[in-house]
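Protein chains in written order, with my numbering: chain A, 1 to 386; chain B, 1001 to 1137.
Calculated directly from the structure, the hints in this document are not laboratory data. Hints are not guaranteed to be accurate.
[Unchecked claim] What follows is a list of derived Cβ distance ranges for each label pair:
hint, chain 1, residue 1, chain 2, residue 2, range
1, B, M1024, A, R345, 54 to 62 Å
2, B, P1074, A, T152, 37 to 45 Å
3, A, R194, B, G1078, 26 to 34 Å
4, A, A154, B, A1088, 39 to 47 Å
5, A, T45, B, P1074, 50 to 58 Å
6, B, D1041, A, D327, 24 to 32 Å
7, A, E243, B, P1074, 47 to 55 Å
8, B, D1096, A, D250, 34 to 42 Å
9, A, Q253, B, L1102, 43 to 51 Å
10, B, P1133, A, A156, 24 to 32 Å
11, B, A1088, A, A8, 42 to 50 Å
12, A, D226, B, K1037, 44 to 52 Å
13, B, D1068, A, T246, 31 to 39 Å
14, A, A156, B, L1102, 27 to 35 Å
On a predicted model such as this, the values are computed, not experimentally measured, just so you know. Each residue gets a CB set at the ideal place from its N, CA and C atoms; glycine is no exception.
Listed below, chain by chain, are the residues.
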Amino acid sequence: MTSGVDDAALRELVPAVLSVLVRRGADFATAEDAVQEALLAALATWSSEPPADPRAWLVTVAWRKFLDLVRSDVARRNREERLLAEPPSGPTENADDTLALYFLCAHPSLTSASAVALTLRAVGGLTTRQIAAAYLVPEATMAQRISRAKRTVAEARLGDLGDLREVLLTLYLVFNEGHSGDVDLAAEAIRLTRQLARVADDPEVDGLLALMLLHHARRDARLGADGGLIPLAAQDRTRWRTELITEGVDLLQAALVRDALGPYQAQAAIAALHADAPTVEETDWTQIVEWYDELLGLTDTPVVRLNRAVAIGQANGPRAGLVALADVEQTVPRYAAAAAFLHERDGDLETAARLYVQAAASAPNLAERDHLTREAARLHHLMPGR
Amino acid sequence: MAKYLMLKHYRSSSIPGDRPFAPMDQWTPEEVDAHIKYMYDFQDKLRETGEFVDAQALSPEGTFVRYDGPGRPPVTDGPFPETKDLIAGWMVVDVDSYQRALDLAGELSASPGRHGEPISEWLEVRPFLTSPPTVTE
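Take these sequences, add in the hints, and give me the full structure.
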């Protein structure tokens, strides 16, 4: 933000402020709009007049904005009078509904795209414009997505017990969205998961946060100067951010001790083993395969089977990897890329090159396609008689 | 969510037995209006559902251009009025599933033509390449 106000610290207050408005009787949809307007007011004025109590300032301004919004809506006249007649106060002002807000925004009745949009706005405090830019859609489209999501959850009550898995999936999707732009979605996902970890007591929350931190630690090393993708094996590991790795590993270890393993902890364990290896050769592939076996037991998906086959190829040799690959559906994305990798290590460059070409043609994104095309070109160049 | 391009080739089916549809200039003005209204309503509906990204119509006449060596102006060729595959325009949607993209294309292809019957034109649906995901292993 250009205003000089600490944007992330400001947005950290959003769930608490929104909770207060809803507890005072405001409907979620209007209260959320009011909080957004209060945020804009804060950005406009705080750099010259920082408030002594930012949270109280936001609550006061958001409540005033809420009343303005209600007043402007004639149909809500009766409700307005009721609200004005009952001045709010009391212990509810300090109750923390942050977790309830996460649940509401990842309500099972929402599609994952709607849950993502609503979470980024109502919990994250991002503007519709910022969210639209991050997801490369017009602002009007994102505005519709958010208002439809609000209508979908209008009947749900803040405080209804929610599904933590839906919340974690929503945050995972935000993190995994590769777009980079004005808003750093990966950093925002980490911020929101950190905030969640403070109010939700579940080792999978810490597992997800650890997973994010361990992958975020590698981000600078993942991208070349030209924006190209650098695979794990070729990354300059001195560029991995050790402070994030340490934090991720500590979180993971504390979570694992609680003996309630889930898929995020298992994935974080795999990421931690990569983070721990000074080189790709020194990676503890045997342990990685063991964690993939755990993951398979928790969530048996073709993607997990595919990644497990590659890990087996590293641990027990390419032949063993190809045997494991035979159990994987060929329709899973990146199947050809995995097969190409294993065949190359097995010495069959001809097959590997053909598969790399095939993998490039079906790559779901440009960076992978470029990488796979280079791999095919490299093998073609190595092969005699071409 | 994933983005898909729905490419309008203004091409009727090449499958034997499929009816070719009559050019728009042979429709009644009311039929033309109904067709255009259908297109706008379709777009409005996508805006309302939060799935609309972009829609553009293209002029039918284009020019081919290529590099022709250092210090020389690019070579142009065309227009090619006989081009069989006329790209008339496109729509980009951001939807939850591939199936949803297919359903929307099917709906767009059902726009009314002569006698108010669906024109059933072929639309080409192609996925956008995305940014790479963060978590891959």
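Cross-check of the supplied hints:
| no. | hint | verdict |
| --- | --- | --- |
| 1 | B:M1024 x A:R345: 54 to 62 Å | 58 Å, holds |
| 2 | B:P1074 x A:T152: 37 to 45 Å | 52 Å, violated |
| 3 | A:R194 x B:G1078: 26 to 34 Å | 57 Å, violated |
| 4 | A:A154 x B:A1088: 39 to 47 Å | 41 Å, holds |
| 5 | A:T45 x B:P1074: 50 to 58 Å | 54 Å, holds |
| 6 | B:D1041 x A:D327: 24 to 32 Å | 49 Å, violated |
| 7 | A:E243 x B:P1074: 47 to 55 Å | 52 Å, holds |
| 8 | B:D1096 x A:D250: 34 to 42 Å | 37 Å, holds |
| 9 | A:Q253 x B:L1102: 43 to 51 Å | 46 Å, holds |
| 10 | B:P1133 x A:A156: 24 to 32 Å | 30 Å, holds |
| 11 | B:A1088 x A:A8: 42 to 50 Å | 47 Å, holds |
| 12 | A:D226 x B:K1037: 44 to 52 Å | 48 Å, holds |
| 13 | B:D1068 x A:T246: 31 to 39 Å | 58 Å, violated |
| 14 | A:A156 x B:L1102: 27 to 35 Å | 31 Å, holds |
Hints 2, 3, 6 and 13 from the list above are not met by this structure, while the remaining hints are.
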